[in-house]
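Visitor: Same order as they appear, the protein sequences are chains A and B.
Here the first sequence is numbered in my numbering, starting from 1 and rising by one per residue.
Here the second sequence is numbered in my numbering, starting from 1001 and rising by one per residue.
There is no bait here: all hints are sound.
With the Cβ distance kept under 10 Å, some of the chain A side facing chain B (calculated, not the full set):
| id | residue |
| --- | --- |
| 1 | G258 |
| 2 | T260 |
| 3 | S261 |
| 4 | I273 |
| 5 | Q275 |
| 6 | A281 |
| 7 | G298 |
| 8 | T301 |
Please keep in mind that the hints were generated in silico from the structure rather than gathered at the bench.
Think of the CB as a built atom: it goes at the ideal place given N, C-alpha and C, for glycine as much as any other residue.
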Amino acid sequence: MNNLCTDIGWMSLNKHGEQLCGDHVDIVPQGKNSTVVVLADGMGSGVKANILSTLTSKIISTMMAEGMHVEDCVETIASTLPICAVRGVAYSTFTIIRIIENEEAEIIQYDNPFVVLLREGKNWEYPRESVEIGGKTIYKTRIPIQEDDTFIAFSDGAIHAGIGMSLNFGWEREDIIDYMEMMYDKSYTAKTLNTILLDECNKLYGGSPGDDTTAVAIKVRERRQVNLMIGPPSDPVELTRMHDAFFSESGKRIVCGGTTSTLAAQRLGKPVIAQLDYLDAEIPPTAKIEGIDLVTEGVITMSRVVEYAKDYLEENQKYSQWGYKRDGASLISRMLFEEATDINFFVGRAINPAHQNPNLPITFNIKMQLVESLCDCLKKMGKRVKVSYF
Amino acid sequence: MKVVICIGSSCHLKGSRQVVEKLQTLVREHGLEDKVELGGTFCMGDCVNGVNVTVDGEKHSVSPETVNEFFEKEVLTKIQ
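Just chain A, same shape as in the assembly:
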């Protein structure tokens, strides 16, 4: 048992003009510390390819997660997949990456471009053993993993990017390796690395991909806990208990809200020093309290964080804003989306008497909804989230 975990990010670009993607990714957790990730690329494009790849990845991921052998999985697929009327074969390529107890990785590859492994940011060629299963040549690998290992799997749409347009022969696997080595930064999440790769593919395709293009990044990282406190408790008597819980957790601490931070500062016996720098015109400035890593305003900042979280799960276009800016919302976003794997929320349900006025646009319900939607988003990012109400 170690303190590692996996951070997984994936996305597909659909072939120009297609509504369905012919590539499919399935991620199935296997117990607490193991995960099976399957990337399947169905023959052709559109509906047919979508059905082939969905069936393939679902069958493999479910069977593997139940502990079946790869031979059984491949045989099941071969006898299950519908046969293409045009080509007379049933065909979907696949890549399986199984992280076992966060200690080992098993990679099984059939006809997709070989998975790239970046170890300490540099390409690391892992051994591959070829085996014949049901007439198909399959490459198997089993290696121990270490912190910051990053596995990048992609469909052939990635290496075909730019063929006949910006490049003569497309983008070879070696070019992708060079590019990703160049772009790699230890602080990037799997999702960010994945977006970097797909954005480049999309650019090489001139914005209209000639093939379904999918990439999955799996990053092995250390678990890291972050604690966030927002709002004073509904019953003032509970304040000590809330503070005890918040300050006894390990990891970084974020305090959101004016009253909340004033109370936290009193507990620590330190002053709140508010800043006056508007680094983002719409987000109130942050403050400093010795002993707390980040102090921000509450509702306005939090609603921006929720906006960034939703975007991160979809297009991930706003990364260019929160990825480097130093306003409260960007700082919270980086700490929660990038740094943290485990997040504890300490939510106080007090109603701010100063806000109970119909002329003010802030209501208690908004605050609770923001916390709930942020928790939802963080869970979708694969974080372990725990919420305690006071």
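Following the hints, position chain B against chain A.
Guide: Relative to the frame of chain A, chain B by itself:
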């Protein structure tokens, strides 16, 4: 003289950023950087009357529209 502007949620929505920026400009224009210290604070508990600004502890209600008037009356006259 210490002038503290509330930058809490409510005052923020009522324009504390404009008040802060305007005051920073006014202080600079009058060359009062040595005499007037601008600071921020979180909620003062009087959101209805925001934007709340204190001058040496005395609370005033200011808005982006009235900030010039406030500066003349509460800062300039008292500092000379």
